[in-house]
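Novice: Each chain is listed here by its residues.
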Amino acid sequence: MINKISHKLILTVAIVSIAIIGIFSYLIVTSHHRALISQVEHSAHQLSETIKSSTKYDMLLNHRDRVHRIIDTVGRQEGIEKVRVFNKDGSIIYSQDKTVIGSMVDKEAEACYACHAADSPLEQLSIPERTRIFAAADGGRNLGIINPIYNEPSCWQADCHAHDSTQKVLGVLDVTMSLTEVDHQMVAGRTKVFLLTTTAIVFISFIIWLFFRRLVGHPVNELVKATDSVAAGDLTYRLPVRRNDELGQLGESFNEMTRRLGEAQRQIYQSDKLASLGRLAAGIAHEINNPLTGVLTYSSFLLKRAEKDSEAHDDLETIVRETKRCREIVKSLLDFSRRVPAKLSNIDVIQVIDRALKIVHNQLSFHNIHVSRHDQDALPSIRADENQLLQVFINLLVNAADAVGEGGGEITLSTRPARNDERQWIEIEVSDTGPGIPPEDLGKIFDPFYTTKEDRGTGLGLSVAWGILERHRGTISVDSDVGKGTTFTIRLPVNDESLVMGP
Amino acid sequence: MNDFDVLVVEDEPVVIEATRKALHPEGLRIDAAEDGESALAKLRQSKYKLILLDLMLPRITGFELVKAVTEQSPGVPVILITGYATFDKTVAAFQAGAFDFLPKPFDVEELLGVVRRALRFFGQQRSVDQQQQSAGGSRENLFFLGAHSWTRLEEDGSATVGLGETFAGVSGDLQAIELPTPGEEMAQGKSFAKLMSSEGLVGNVWSPLSGRVQETNSDLHSQLHWIDKDPFEKGWLVKLSPTHLEQELKNLTQR
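Chains as they are written, first to last, in my numbering: chain A, 1 to 503; chain B, 504 to 758.
Chain A on its own, in the form it takes in the complex (with noise of 0.2 angstroms):
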């Protein structure tokens, strides 16, 4: 996996949610216990309180065994643990559990404490002070909670005289009932919120994970692979530009880029390619030229001496005829490789068009070729060496005008001012609507000697144009669709500062 991104965004997100959803779960379930707690409470509360108002009366009578009846049947239902009455020296007086009964509680713990903490005096209580939770026998939990029974005015009256007036508190009912339901309840919340909490957290990770792997991932992994292959060196690949977002234009901008960088490449290649073709045509027409002088003196003394209309002449003939023939041919490479010094003046780029167009106007009309002007705006005017410019778009009319052939068609000529950030430049198109230039062939056309025209070109044009565009800071592209044509592209400096005069 390459997407360390997503990983490191998914697992930002689980962090992110399991604190937020682990947070929004502890608050919901503490406060459902509060709530339980609070249920148990209010029941056992009520309850303590209903065992209290149902015993009054048959204490009053000091029923004894209808208390311990009632007492009984409450602490026998379910969940109710312990029912029990205190007196106020701490002895057990009724309790559903007889075994119980007589003994004293430990007024240190339990029920007491509330009330017997710094031995402050006897008031009333609220439910939670009255209320205690402890570890009951069994391992669960109990919930106790204790009531008092204070001394009434009828409890002192009562025949049976028990009580005095002086007691406050005559005695305490505990009731205990079992918190396992609750915390059963509880546990089983928990583990819900739980459940939900880990689901929606996979469940929003697994969102992002998708919805990252198809905006990000995927199209970062596209730009990965298009820069390998770039810094491979394959500069003709392409992303697949999909999308019209951030990546979708990084996509293009790459592209572009790619498109650029090939384009500089092509260039740089081709200069030098150029160069070194001079320096090698410089170097072989030299080495040629020795012999050839041989070649031509000697046939050319002989057929000085020969006999007129003699086969020997004739023949003699034929020799220096062919050897002056590859002395033109060795002329044209040196020619070649030879820079004429530019001579600069501020030209108007249309009207030298112009001249080249009245110059091959014959040629055009003879094949009956139609041409089209687009000039976009005015064009400002460059610094060129007019006569060589002349040149340049003389050899691509004609270029042009052998593509389309005799059978007729168009050429079109745009020229258009353009500019970026840091230059100037004018762009002028040649487009013909010819058969077109093979793909395996496009990187040759401008290569000296290259020819399709056989015995009627020299295979010249072209790189003759490429180094005076080049001596001008220029450059000339091409693209060429086979069966639609071709267009060539000029781009002109304006105002470059660092052209001079000179070779």
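Please keep in mind that the hints were generated in silico from the structure rather than gathered at the bench. From a predicted model like this one, the values you see are computed outputs, not experimental measurements. Check before you lean on any hint, since a few could be wrong.
Claimed, not checked - Dumping the calculated DSS-like pairs for lysine-lysine here, alpha-carbon to alpha-carbon at most 30 angstroms:
1. B:Lys524 with A:Lys343
2. B:Lys524 with A:Lys324
3. B:Lys693 with A:Lys324
4. B:Lys592 with A:Lys308
5. B:Lys592 with A:Lys324
6. A:Lys358 with B:Lys742
7. A:Lys331 with B:Lys550
8. A:Lys324 with A:Lys304
9. A:Lys331 with B:Lys753
10. A:Lys343 with B:Lys552
11. A:Lys331 with B:Lys545
12. A:Lys331 with B:Lys732
13. A:Lys358 with B:Lys753
14. A:Lys358 with A:Lys331
15. B:Lys697 with A:Lys343
16. B:Lys737 with A:Lys331
17. B:Lys693 with A:Lys453
18. B:Lys693 with A:Lys304
19. A:Lys82 with A:Lys98
Could you slot chain B onto chain A? The hints should help.
Specialist: Below, chain B without anything else, positioned relative to chain A:
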């Protein structure tokens, strides 16, 4: 002292032999040197009427040798030959004081044309440097490519081009001249005209300036003697609109 007429300085034996073969019927005795040092040594020992010198020799550059040779044998015409002829080299050859420039490969006609002129020039005891007023006319406002061709800047911005002393009076019985057609491009150091005499080819004319031909001296075809008699006025060849005047004038000399 050995008796020779022509010294051929050339490292290619076939070129030496070809030259010998071509010049022998003219009654010329040929001596050869294969490098600059032996050429200078031979020049110290013998007198020659003409030196044919290859620009590409081992150890010494051609133009240095031209200077050394013209210093050692003043008045002896030096014809530079090279297998790597460029316009720049043509111009540099004349600047170095060469009589003429002959690119390889040449045929017998071309070789004989320039050799005959050079021998006549030597016979008249003139030198490229001495510039005797053999031919009429003023040389004022003229810019020379050696003594080969000249140009004069006209008031209308055009430039007239004509032949220098290495043609005037040494070209033999002139029969014809080939001139460029108006509109044609000329380049400094490039051949633009051809002279023919009763003996055959006289020579190619290397242009002193670059530019587009405006008009040619059409009267010249019937008045070829003007080239000998009035080379700087009536004998002009071509009027052109110069394209690289400023930089090219630096290559020319004013007298």
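Novice: Against each hint, give a clear statement of whether it holds in the structure.
Specialist: Okay, the hints, checked on the actual structure:
| no. | hint | verdict |
| --- | --- | --- |
| 1 | B:Lys524 with A:Lys343 | violated (45 angstroms) |
| 2 | B:Lys524 with A:Lys324 | holds (19 angstroms) |
| 3 | B:Lys693 with A:Lys324 | holds (18 angstroms) |
| 4 | B:Lys592 with A:Lys308 | violated (38 angstroms) |
| 5 | B:Lys592 with A:Lys324 | holds (21 angstroms) |
| 6 | A:Lys358 with B:Lys742 | holds (24 angstroms) |
| 7 | A:Lys331 with B:Lys550 | violated (35 angstroms) |
| 8 | A:Lys324 with A:Lys304 | holds (16 angstroms) |
| 9 | A:Lys331 with B:Lys753 | holds (26 angstroms) |
| 10 | A:Lys343 with B:Lys552 | violated (42 angstroms) |
| 11 | A:Lys331 with B:Lys545 | violated (33 angstroms) |
| 12 | A:Lys331 with B:Lys732 | violated (35 angstroms) |
| 13 | A:Lys358 with B:Lys753 | violated (35 angstroms) |
| 14 | A:Lys358 with A:Lys331 | holds (29 angstroms) |
| 15 | B:Lys697 with A:Lys343 | holds (28 angstroms) |
| 16 | B:Lys737 with A:Lys331 | violated (34 angstroms) |
| 17 | B:Lys693 with A:Lys453 | holds (28 angstroms) |
| 18 | B:Lys693 with A:Lys304 | holds (27 angstroms) |
| 19 | A:Lys82 with A:Lys98 | holds (11 angstroms) |
The structure fails to meet hints 1, 4, 7, 10, 11, 12, 13 and 16 from the earlier list, while all remaining hints are met.
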